[in-house]
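4 protein chains.
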Amino acid sequence: MQPIGRRRWAIAEGHISSRSSFLEEALVSHETACILNARDHQAHVDITLFFTDREPVGPYRVTIAPRRTLHLRFNNLSEPAAVPRDTDFSSVFEADVPIIVQHARLDSRHAEISPLSTTAYAEA
Amino acid sequence: MQPIGRRRWAIAEGHISSRSSFLEEALVSHETACILNARDHQAHVDITLFFTDREPVGPYRVTIAPRRTLHLRFNNLSEPAAVPRDTDFSSVFEADVPIIVQHARLDSRHAEISPLSTTAYAEA
Amino acid sequence: MQPIGRRRWAIAEGHISSRSSFLEEALVSHETACILNARDHQAHVDITLFFTDREPVGPYRVTIAPRRTLHLRFNNLSEPAAVPRDTDFSSVFEADVPIIVQHARLDSRHAEISPLSTTAYAEA
Amino acid sequence: MQPIGRRRWAIAEGHISSRSSFLEEALVSHETACILNARDHQAHVDITLFFTDREPVGPYRVTIAPRRTLHLRFNNLSEPAAVPRDTDFSSVFEADVPIIVQHARLDSRHAEISPLSTTAYAEA
Numbered sequence: 001m002q003p004i005g006r007r008r009w010a011i012a013e014g015h016i017s018s019r020s021s022f023l024e025e026a027l028v029s030h031e032t033a034c035i036l037n038a039r040d041h042q043a044h045v046d047i048t049l050f051f052t053d054r055e056p057v058g059p060y061r062v063t064i065a066p067r068r069t070l071h072l073r074f075n076n077l078s079e080p081a082a083v084p085r086d087t088d089f090s091s092v093f094e095a096d097v098p099i100i101v102q103h104a105r106l107d108s109r110h111a112e113i114s115p116l117s118t119t120a121y122a123e124a
Numbered sequence: 125m126q127p128i129g130r131r132r133w134a135i136a137e138g139h140i141s142s143r144s145s146f147l148e149e150a151l152v153s154h155e156t157a158c159i160l161n162a163r164d165h166q167a168h169v170d171i172t173l174f175f176t177d178r179e180p181v182g183p184y185r186v187t188i189a190p191r192r193t194l195h196l197r198f199n200n201l202s203e204p205a206a207v208p209r210d211t212d213f214s215s216v217f218e219a220d221v222p223i224i225v226q227h228a229r230l231d232s233r234h235a236e237i238s239p240l241s242t243t244a245y246a247e248a
Numbered sequence: 249m250q251p252i253g254r255r256r257w258a259i260a261e262g263h264i265s266s267r268s269s270f271l272e273e274a275l276v277s278h279e280t281a282c283i284l285n286a287r288d289h290q291a292h293v294d295i296t297l298f299f300t301d302r303e304p305v306g307p308y309r310v311t312i313a314p315r316r317t318l319h320l321r322f323n324n325l326s327e328p329a330a331v332p333r334d335t336d337f338s339s340v341f342e343a344d345v346p347i348i349v350q351h352a353r354l355d356s357r358h359a360e361i362s363p364l365s366t367t368a369y370a371e372a
Numbered sequence: 373m374q375p376i377g378r379r380r381w382a383i384a385e386g387h388i389s390s391r392s393s394f395l396e397e398a399l400v401s402h403e404t405a406c407i408l409n410a411r412d413h414q415a416h417v418d419i420t421l422f423f424t425d426r427e428p429v430g431p432y433r434v435t436i437a438p439r440r441t442l443h444l445r446f447n448n449l450s451e452p453a454a455v456p457r458d459t460d461f462s463s464v465f466e467a468d469v470p471i472i473v474q475h476a477r478l479d480s481r482h483a484e485i486s487p488l489s490t491t492a493y494a495e496a
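Residue numbers (the numbering used here), protein chains in the order written: chain B, 1 to 124; chain Z, 125 to 248; chain D, 249 to 372; chain C, 373 to 496.
In short, the hints are calculated from the structure, not lab data.
Beta carbons: idealized from backbone N, C-alpha and C, even for Gly.
Errors might be hidden in some of the hints.
[Unchecked claim] Coverage of chain D stretches by chain Z, computed from C-beta distances (three or more under 8 Å per stretch; other residues unrestricted):
1. 249-256
2. 300-310
3. 316-327
[Stated by the list, open to error] From the derived model, a few chain B residues whose C-beta atoms are all more than 10 Å from chain C:
4. His44
5. Glu55
6. Glu94
Build the full structure now, drawing on both the sequences and the hints.
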């Protein structure tokens, strides 16, 4: 397979609701970054979070093995700090090898589950 | 962090329903532009709204501090004019520094909440 | 405003359900192409529809005045032929001036309304 | 019509729930890649699936006739192996002619149907 991807990505939208209608983990309200490393080298990804009224937090450091995908829940990030709930944020991804990033959210504040998804913004 | 973003963006879809099933602000039907300014300089963004059968309105002027994100609700824009409800529109964003723009909507006309999101169209 | 947009766009997804839970036009299941002409010249757009097992149909001819947006429902297209319901299709847009195209769908087969949206694929 | 499309695409998100609230095929939870071949030559597309903790599977080989669209359900792929349910995956598409790929999902784990869609990541 030919190489595919880019090293720098951004997701301008981000917001994790503290409320969920379900206890099952798959249905808890969450923000996810689906990250594909289709290359034959490990990918080291630095994620920085931006907020409305405070300085950015990061980098969150993630490693993805060669030829693997990681569907990373922002809910589970803890170092250097947990992601605050009910708070608007954006995220920037910087990798040492080309990757592909897609943004997904599931909102289950109400009894229905409301998913959304979009390919993130990429830069060479 | 290396610079990331583009100066000019467009969202072809836009429509704010006058109806909502909820009084809570987070669940009122809304259109949002999530704007990330990951740079170390303030971003001045001019937004122009386009309609089906009248001249464009704008610019709406927004300022985003360095290293901040703004999840801007079109519902709250008031100068030079409020955004009409139940009316199709499009929007163009012109910034003096590179930014990232993502379009999001929450539709709560009915009892369920229906969110959507997409990375906007970018031009250098 | 500086020129913005591209002349050629594609939406690979398309499917209009013949079923809707509502009679109100805004809530009838529909496929929409939101087309922004931010330029000072009229835009002539030729739309071709592609199917799974028959030859393409088109062009559907649409004109958008300068500085106007058109949220075009595929449901309403009639010349050269109505868009078949419950049938997969794709669409290609070719314009004589740069435009911006966003794909939107509302699915109301069931009692809830399920919208989605994505910026279309653009080519110079 | 001028040629349109790219040869290589990626969808970082992928997940087929084993649960559905409906028996009707259109409403069973599914992941779809809508693939448009707007060209006058047959398109041969090789699809590779990537997982979180095992080696990639593929290629899945798909042929699309000239001037046709294929709304391909990952649920139906069987060679070289069925796509596992309740498992995160990503996909890469490599074609011998330019195509357009859009990602769509329908999630019907609960009584409501929750669709999403996004233009995939493209590379020349």
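Practice problem: Tell me, in ascending order, the numbers of any earlier hints that this structure violates. | Solution: 2
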